[in-house]
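Chemist: Protein chains in written order, with the working numbering: chain G, 1 to 129; chain P, 1001 to 1136.
A hint or two may mislead.
[As the list claims (entries may be wrong)] Below are the DSSO-like pairs computed for lysine-lysine, each with C-alpha atoms no more than 27 Å apart in a straight line: (1) G:K84 to G:K4; (2) P:K1086 to G:K65; (3) G:K118 to G:K4; (4) P:K1063 to P:K1052; (5) G:K118 to G:K3; (6) G:K4 to G:K91; (7) P:K1052 to G:K65; (8) G:K3 to G:K84; (9) G:K84 to P:K1063; (10) G:K118 to G:K91; (11) G:K3 to P:K1090; (12) P:K1063 to G:K65; (13) G:K65 to P:K1004.
Calculated directly from the structure, the hints in this document are not laboratory data.
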Amino acid sequence: MAKKTLNIIESAYRAVMEEQDDTILWLLAAMQGAGAEHTVVLRGNAVNYAVAGQGAPGLTIGGWKQTQAPHMDNDVIDLIERRKIPVFVIKEDLAARGIERGELVPGVQLLSARMLPKHMAEYELVSHW
Amino acid sequence: MSQKTFAIALMDPPYESENLTTAFRILDVMAQRGHNINLFAYEGAAGLAFAKQTPHPNPVHGKNVAEENHPTTKDQVTALLALAAKNGGKVDWVNCGMCVDERGVGEFVADTRRGSPADFHSFCEASDNVLAIPTK
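All chains should be built: construct the whole structure from the sequences, respecting the hints.
Modeler: What follows is the structure, encoded as C-alpha cells:
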C-alpha cells in the first residue's frame, strides 16, 4: 500500500503559462496514476487555484498564439473528481485575500491553519512545495 | 512614434517562472511598435532559443501532441523575430556563450547568435533604455 502523503502547496502561478498547468498539481496527478496516495492542502497564494472561473487569455507573440492556456480551477476539479485526491484550502489564507467560500470550485474542503499540524500527523509523509 | 533601441537582459530558464511570460509580452509590444531590441540571454535564458525544444503530449491532461499544443520558447523567439522584421525593427538576440556551453544548448533557432557579456555592454551603451529581468 502506498504511503499516505500530504502535499502542502504554497508556491503558485510559477511557470503555469509555459507549462499550461501547475507543475506540482501535475506531478501529483501523474503519481496518483502510478499508485500514490496524495492529499493536497493549498495555502498562501495557491488558495487562488481553487477559485472558480479563473483563467488567463493565451499568450500571443506576433503570429504565435497559445491555444491551451491554463485554467487552474479545472485542474483542481480534476484532482478531486477524477483522481479522488482530497483538496483542502487554508481558510485564513482565503480570508486574507478576500475570497469567499462560495467562489471556490465544488468539493474543496476548508482547513484552519491552527488545525494543520494535527492534520499532518495523520500522514506518513508531508511535502511542502 | 520614433523608433527606439532597447537593451534587454533575461536570466530565467524556460518553464521555471512567470518572468518570461511577462518579458515576452513586453517584447511583443516593442516589436509591434517597430522598436529595435538587443537582447542578452544570460544564465538559464540561454536555453530560450535552443532549437531542439520539442512539444510533448500531456497524459495528465489526456491530450496528444497536437491537442496539447505545448508552447516552446524557441517558437516564441522565432515569432518575435518575424514580428519585429515585419514592423521595421531589428532584433539582435545574443545567447551567452559560456551559459550555452554549460547547459549544452548550443543549437539556436535562426537569426540568433552566440555572444558574451561584452555584447550586453555594447547593447547598454547604444540603448535608449535598459530593462533587466533578473532571476529572483
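Chemist: Evaluate each hint against the coordinates.
Modeler: So, going through the hints one by one against the coordinates:
1. Our distance criterion of 27 Å between C-alpha atoms is met by G:K84 and G:K4, whose separation comes to about 13 Å.
2. Under the criterion of a C-alpha separation no larger than 27 Å, the hint pairing P:K1086 with G:K65 is consistent with the structure, at around 17 Å.
3. Between G:K118 and G:K4 the CA atoms are separated by roughly 15 Å; this keeps the pair inside 27 Å, and the hint holds.
4. Distance restraint check for P:K1063 and P:K1052: the Cα-Cα separation of roughly 22 Å lies within the 27 Å cut-off, and the hinted pair is therefore satisfied.
5. Between G:K118 and G:K3 the CA atoms are separated by roughly 18 Å; this keeps the pair inside 27 Å, and the hint holds.
6. For the hint pairing G:K4 with G:K91, the CA-to-CA distance comes to about 23 Å; that is within 27 Å, so the pair holds.
7. In summary, the hint linking P:K1052 to G:K65 is supported, as the alpha carbons are separated by about 20 Å, within the 27 Å threshold.
8. Taking the CA atoms of G:K3 and G:K84, the gap is about 16 Å. The hint holds against a cut of 27 Å.
9. As the CA atoms of G:K84 and P:K1063 are separated by approximately 20 Å, the hinted pair is consistent with the 27 Å bound.
10. Proximity of G:K118 to G:K91 is assessed by CA-CA distance (about 16 Å); at most 27 Å being required, the pair is judged to hold.
11. About 56 Å separates the Cα atoms of G:K3 and P:K1090, which puts this hinted pair outside 27 Å; it is violated.
12. A hinted pair counts as satisfied when its Cα atoms are at most 27 Å apart, and P:K1063 with G:K65 qualifies at roughly 18 Å.
13. For a cut-off of 27 Å, the pair hint linking G:K65 to P:K1004 stands: about 26 Å separates their Cα positions.
Hint 11 from the earlier list is the only one contradicted by this structure; the remaining hints agree with it.
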